[in-house]
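Heads up: the sequence shown begins at 2 in the numbering used here, then just goes up one per residue.
These are computed hints drawn from the structure, not numbers from a lab. This one's a predicted model, so the numbers in the text were calculated from it and none came from an experiment. From the three backbone atoms N, C-alpha and C, an ideal C-beta is built for every residue, glycine too. Mixed in with the good hints, there may be bad ones.
[What the hints assert, rightly or not] Quick list of the computed label-pair ranges, beta carbon to beta carbon: (1) GLY49 to ALA11: 25 to 33 Å; (2) VAL27 to GLY55: 17 to 25 Å; (3) VAL27 to ALA57: 15 to 23 Å; (4) GLY49 to ALA10: 17 to 25 Å.
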Amino acid sequence: MLLTEPGTAADDATSTALLNCLIREVCAPEQQVRPDGAHLVARLPRAGVVLRTGLALSLIH
2 MLLTEPGTAA
12 DDATSTALLN
22 CLIREVCAPE
32 QQVRPDGAHL
42 VARLPRAGVV
52 LRTGLALSLI
62 H
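Construct all of the structure, not just a fragment, from the sequences and the given hints.
Structure representation (structure tokens):
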């Protein structure tokens, strides 16, 4: 069973997991996450830092 696309490097998978955790545990509870077209904008609460990343769309409806 593959958890990522074939050819995905370990560092790419790790950084994706860390970003997902940051959004889920830090940004989302403070409602600091919003889609912006093909991107996701996440503001770090009380830090004044804004992250913008590509938005992956799920194929599951």
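| request: Output the numbers, in ascending order, of every earlier hint that fails for this structure. | output: 4
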